[in-house]
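Protein chains: 2
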Amino acid sequence: MTLFVDMDEVMADTYAAHIAQYNLDYDEGLTAAECHGQEVWQSVPFDRRESIYRHTSLEGFFRALRPIKDSQAVLKELAQKYDVYIASAAMEFPVSLREKSEWLDEHFPFIHWKKRILCGDKHILKGDILIDDRGYNLEKFEGRPLLFTSPHNIGTNGFERVNDWQEVAHKLL
Amino acid sequence: MTLFVDMDEVMADTYAAHIAQYNLDYDEGLTAAECHGQEVWQSVPFDRRESIYRHTSLEGFFRALRPIKDSQAVLKELAQKYDVYIASAAMEFPVSLREKSEWLDEHFPFIHWKKRILCGDKHILKGDILIDDRGYNLEKFEGRPLLFTSPHNIGTNGFERVNDWQEVAHKLL
Numbered sequence: 001m002t003l004f005v006d007m008d009e010v011m012a013d014t015y016a017a018h019i020a021q022y023n024l025d026y027d028e029g030l031t032a033a034e035c036h037g038q039e040v041w042q043s044v045p046f047d048r049r050e051s052i053y054r055h056t057s058l059e060g061f062f063r064a065l066r067p068i069k070d071s072q073a074v075l076k077e078l079a080q081k082y083d084v085y086i087a088s089a090a091m092e093f094p095v096s097l098r099e100k101s102e103w104l105d106e107h108f109p110f111i112h113w114k115k116r117i118l119c120g121d122k123h124i125l126k127g128d129i130l131i132d133d134r135g136y137n138l139e140k141f142e143g144r145p146l147l148f149t150s151p152h153n154i155g156t157n158g159f160e161r162v163n164d165w166q167e168v169a170h171k172l173l
Numbered sequence: 174m175t176l177f178v179d180m181d182e183v184m185a186d187t188y189a190a191h192i193a194q195y196n197l198d199y200d201e202g203l204t205a206a207e208c209h210g211q212e213v214w215q216s217v218p219f220d221r222r223e224s225i226y227r228h229t230s231l232e233g234f235f236r237a238l239r240p241i242k243d244s245q246a247v248l249k250e251l252a253q254k255y256d257v258y259i260a261s262a263a264m265e266f267p268v269s270l271r272e273k274s275e276w277l278d279e280h281f282p283f284i285h286w287k288k289r290i291l292c293g294d295k296h297i298l299k300g301d302i303l304i305d306d307r308g309y310n311l312e313k314f315e316g317r318p319l320l321f322t323s324p325h326n327i328g329t330n331g332f333e334r335v336n337d338w339q340e341v342a343h344k345l346l
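Sequence lines, in order, name chains A and B. Just so it is clear: in the first sequence, position 17 is 17 by my numbering, and no numbers are missing. Just so it is clear: in the second sequence, position 105 is 278 by my numbering, and no numbers are missing.
Hints listed in this document are in silico derivations from the structure and should not be mistaken for laboratory results. Just so it is clear, CB atoms sit at the ideal spot from N, CA and C, and this is done for glycine as well. Don't take every hint at face value.
[What the hints assert, rightly or not] Lysine-lysine pairs mimicking DSBU-like chemistry, simulated, CA-CA at most 35 angstroms apart:
id : chain 1 : residue 1 : chain 2 : residue 2
1  : A       : K126      : B       : K249
2  : B       : K249      : A       : K69
3  : B       : K313      : B       : K344
4  : A       : K114      : B       : K313
5  : A       : K140      : A       : K76
6  : A       : K171      : B       : K242
7  : B       : K313      : A       : K140
8  : B       : K249      : A       : K171
9  : B       : K344      : A       : K126
10 : A       : K81       : B       : K287
11 : A       : K69       : B       : K344
12 : B       : K242      : A       : K126
13 : A       : K114      : B       : K287
14 : A       : K126      : B       : K313
[Stated by the list, open to error] Which bits of chain B does chain A cover? Going by a derived footprint, with three or more residues having C-beta under 8 angstroms, they are:
id : region
15 : 184–191
16 : 225–239
17 : 324–332
Chain A extracted, bound-state conformation (with noise of 0.2 angstroms):
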């Protein structure tokens, strides 16, 4: 069984970093439960919204994340019963791509280069199983969806939704 995994936002925390950059950017004291159901771009002026997009192509920005919780020793777990492969679309930040790779290698060595991609849209991934927390990734899908529950999807409905990897783990191990 093939199980596609994304990352920003499933693996790695994107959302806590881009609100410590914004903090750090503006000197202000942004949380996340004043983003709770939106994204971070949402939850600031309307003025410092481009800035926002805008970390993703400083050097650093995804190098830098941490991992979210659980997700590497489940990962680890389902690397044994599944071939699991990490698929992030990463195409839009080239500065990203070489930090990702090293990010993966930091972080989760045990999944091999070959089980690797950094595409676009996700619409030509063929297997069983995709975790996201994207629903344009995973609409397009033709195996099993999985909405990792991150505050900007919260609304989100359609999908069988994980909120965490110890749900993953009861679901898939």
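On the provided structure of chain A, position chain B as indicated by the hints.
Chain B alone, transformed into the frame defined by chain A:
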């Protein structure tokens, strides 16, 4: 119809670049004719083979590759008729990742980032046609595999072959 196109030795002349870099490193005069029918690393003295592999981690190696003859013109036409994706097994070479993105921006700007895939093995690709110079990428493909001729694969049998981009145009346009 979804058409996947490999980069190295299909769109980009990696083979010639390996020869040029080798000649630069060792002050030699190796020619493509001397390598014909085999890999470049198989065409150099045994104790220099490792150095060919190390080209793939040189900064700028992939960024400076020359596009294969007619690849730009034919792919531009193909992109009007097919859903064209670039699929490169680049994850083995972390230095190449951003360089390949920039190389595509320069030489194939009409291929949107959403249509670019940097991956490891290509068994996860779901689509109709794959043009590649490596039998191990083609053999598990569920659609129509096309072997793009490269000096190293002239002895490979068992695949429908295209010798150059004009032949690709003839078959697919």
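So, going through the hints one by one against the coordinates:
1. Distance hint between A/K126 and B/K249 is fulfilled; the C-alpha atoms sit about 26 angstroms from each other, no more than 35 angstroms.
2. Between B/K249 and A/K69 the alpha-carbon distance is near 45 angstroms, which puts this suggested pair outside the 35 angstroms criterion.
3. Restraint check for B/K313 and B/K344: satisfied, since their Cα atoms lie roughly 22 angstroms apart, inside the 35 angstroms limit.
4. At roughly 15 angstroms between alpha-carbon atoms, A/K114 and B/K313 fall within 35 angstroms of each other, so this suggested pair holds.
5. For a cut-off of 35 angstroms, the pair hint linking A/K140 to A/K76 stands: about 27 angstroms separates their Cα positions.
6. Between the alpha carbons of A/K171 and B/K242 the distance comes to roughly 51 angstroms, so the proposed pair goes past 35 angstroms and is violated.
7. At roughly 22 angstroms between alpha-carbon atoms, B/K313 and A/K140 fall within 35 angstroms of each other, so this suggested pair holds.
8. Straight-line distance between C-alpha atoms of B/K249 and A/K171 comes to about 45 angstroms, which puts the hinted pair past the 35 angstroms bound.
9. Note on B/K344 and A/K126: the hinted pairing holds, with a Cα-Cα distance of about 26 angstroms set against a maximum of 35 angstroms.
10. Taking the CA atoms of A/K81 and B/K287, the gap is about 30 angstroms. The hint holds against a cut of 35 angstroms.
11. Between A/K69 and B/K344, the direct Cα distance comes to roughly 51 angstroms. Violation of the 35 angstroms bound is thereby established for this hinted pair.
12. At most 35 angstroms may separate the alpha-carbon atoms for a hinted pair to count; B/K242 and A/K126 meet this at roughly 32 angstroms.
13. Straight-line distance between C-alpha atoms of A/K114 and B/K287 comes to about 21 angstroms, which keeps the hinted pair within the 35 angstroms bound.
14. For the proposed pair A/K126 and B/K313, the alpha carbon gap of about 12 angstroms is at most 35 angstroms, so the pair holds.
15. Proximity of the region 184–191 of chain B to chain A, defined as three or more residues with a beta carbon under 8 angstroms from a beta carbon of that chain, is not established by the 0 residues found.
16. With a threshold of 8 angstroms between beta carbons, the proposed coverage of the region 225–239 of chain B by chain A is violated, since 0 of its residues qualify and at least three are required.
17. For the region 324–332 of chain B, the stated coverage by chain A is violated: 0 residues have a C-beta nearer than 8 angstroms to a C-beta of that chain, whereas at least 3 were required.
In the structure shown, a violation is registered for the earlier hints numbered 2, 6, 8, 11, 15, 16, 17, in ascending order.
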